[in-house]
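A.B. asks: Chains as they are written, first to last, in this note's numbering: chain B, 113 to 319; chain Z, 113 to 319.
Everything hinted at is true.
Treat identical chains as interchangeable: a pair holds within one or across any two.
With a cut-off of at most 35 Å between alpha-carbon atoms, the simulated DSBU-like pairs for lysine-lysine come out as follows: (1) K158 - K293; (2) K293 - K153; (3) K312 - K153; (4) K153 - K242; (5) K243 - K162; (6) K312 - K241; (7) K312 - K158.
Hints are computed from structural coordinates only; laboratory data are not their basis.
There are 2 protein chains.
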Amino acid sequence: MTLKFYYAPHTCSLASHIALEEAGADYEAIRLSFANEDQRKPGYLKINPKARVPALVTPRGVLTETPALLVYIAQSYPKAGLAPLDDPFALGEMQAFNSYLCSTVHIAHAHRMRFYRWADDPAAHEAMKKKVPQSVGEAFALIENGMLRGPWVMGDTYSICDMYLFTLAQWLEADSVDITKLPRVIDHRARMAARPIVQKVIAEETR
Amino acid sequence: MTLKFYYAPHTCSLASHIALEEAGADYEAIRLSFANEDQRKPGYLKINPKARVPALVTPRGVLTETPALLVYIAQSYPKAGLAPLDDPFALGEMQAFNSYLCSTVHIAHAHRMRFYRWADDPAAHEAMKKKVPQSVGEAFALIENGMLRGPWVMGDTYSICDMYLFTLAQWLEADSVDITKLPRVIDHRARMAARPIVQKVIAEETR
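The following block holds chain B by itself, in its conformation from the complex (with noise of 0.2 Å):
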């Protein structure tokens, strides 16, 4: 059976919508429009009550959340080598940089357009957009000054990890952070922008 992928456009699927296509997986993509509250509809809240994307539906059941799906397509598809699988340390390594890019640089980022999660007041919805900018861009510092190891994330081998980061990196401008204080940051993303597996998926995703 092929895997449905739900994504929507310029959200956090897009790295695992990648590292589908990166591992040469069976799957079809299908498209939810956050503008017309697609993913709170009865019948993507059956899939995934938590009302979010990714979801992936395999034979087996549902799977969400970006770090748990780009270890379970990096494990199912083993040969494309998207992570170390048998090396725990290296493996805990790639899974504390998606960990905190989940809960840390989305978290911050969030905060510009999902503040409605954390408060009610308007007047403190508008205090947290204004912090966006600083929190994005510490959280995104400390990736600069050594999390990001170069050429790619984890050094030489390419992974899950930089379709992760590149996703999120997608936000810097719209989060107004001074993006001169993160030239790595940068050049990966430029580097992954010229991956023609990378310009399929979002030439699909945006078409």
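Given the coordinates of chain B, work out where chain Z should sit on it, guided by the hints.
C.D. replies: For chain Z alone, coordinates are given in the frame of chain B:
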């Protein structure tokens, strides 16, 4: 070489601490005091520049982030059977659960005491604190109504997910969540608290 495990009481590092003990790992536990801001001192920042816990110093380097540590511990001590490492789908479900705890549940909770990460305005801090009972309550409602399969998170088999859920469930009362709506979560918490290994770890952390 013995592992060195850095933790702080009453934080998410409890999950990895329990996992190390359940795995029978040879480790030294080193306590940080958040009241003393130990996590921001130069010596610790060399270990973890993110100024957070947990951090695990291994012979090959430092690992951070709870979801990463939990899988690392399970993979390093496979005889303990703490995760289905060779089953991509089952591991994916476990990682999805852990990622949800990390990036949704813990983050909702963090707006009660770490609000300064996401806004500077004191009025916004109050607005964030005010929403915590609702946002944490809604996040736990999904766990109560499906994600926690019972008797353990993943069903019949005790795993790293149970340690992590137990850890975050410590904070429900302080977050003013109505626990009468979470009978399955509270029953799970009580069964975890009855495990001798869990009692040993908590005694060590709070002595």
